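Undergrad: The chain contents come next:
Number of protein chains: 2
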Amino acid sequence: MSSTTNTATANSAGTQKATFYHAGCPVCISAEERVARALDPKTYAVEIVHLGDNKVRVSEAEAKGVKSVPALVIGDDVFHVNFGASLDALK
Amino acid sequence: MSSTTNTATANSAGTQKATFYHAGCPVCISAEERVARALDPKTYAVEIVHLGDNKVRVSEAEAKGVKSVPALVIGDDVFHVNFGASLDALK
Chain A
1 MSSTTNTATA
11 NSAGTQKATF
21 YHAGCPVCIS
31 AEERVARALD
41 PKTYAVEIVH
51 LGDNKVRVSE
61 AEAKGVKSVP
71 ALVIGDDVFH
81 VNFGASLDAL
91 K
Chain B
1 MSSTTNTATA
11 NSAGTQKATF
21 YHAGCPVCIS
31 AEERVARALD
41 PKTYAVEIVH
51 LGDNKVRVSE
61 AEAKGVKSVP
71 ALVIGDDVFH
81 VNFGASLDAL
91 K
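Quick mapping for you: the protein sequence lines, in order, are chains A and B.
Numbering-wise (the numbering used here), the first sequence opens with residue 1 and increments by one.
Numbering-wise (the numbering used here), the second sequence opens with residue 1 and increments by one.
I should point out that these hints are in silico values taken from the structure, not numbers from a laboratory.
Quantities reported herein were computed from a predicted structural model and do not represent experimental measurements.
Be a bit skeptical, because a hint or two may be false.
Said to hold, decoys possible - List of simulated lysine-lysine pairs, DSS-like, C-alpha gap at most 27 Å:
id, chain 1, residue 1, chain 2, residue 2
1, A, 17, B, 42
2, A, 91, A, 17
3, A, 42, B, 42
4, B, 67, A, 67
Looking at chain A on its own, in the form it has when it is part of the complex (with noise of 0.2 Å):
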């Protein structure tokens, strides 16, 4: 790890990449600081993605099979955690 104080950034070999989709709503911001970026990075690479400012990655979550964020994707499983806002919302 090097001298970041976010652990979620980690991309050590081994690490299996996840993403976690937000739009920076409460539910969303709160999901992120709690459960997104404590995974653990021996563990999981984690790119935060957020819908809001990134909208052409909206088909890219839909397609994932996020119904609303946030959500974390991690392989073919989708967590979504609480709700915050549904996909078509950021369309």
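Since the structure of chain A is already known, use the hints to place chain B on it.
TA: Just chain B now, kept in the frame of chain A:
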């Protein structure tokens, strides 16, 4: 903690307590493996509670704001991860 091999039970100094409530359902097991047990042990000491086997703790979960399982509780924050079963169904 005992000699379990799962890294989610670390209890080194500085960790916060997190509680993952589930009921053994497929949705629960996926969330347990991919999220709850993947939290950085440097950050959280995660207790896994099977409410089917510990019905006495359903009221504890309810008091914390858990509406359904699987759910991860960290401090005052409740993160419902997808939907496996309502808490009412476990009473």
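Undergrad: Would you pick out the hints that fail for this structure and give their numbers low to high?
TA: Hint check: nothing fails, all pass.
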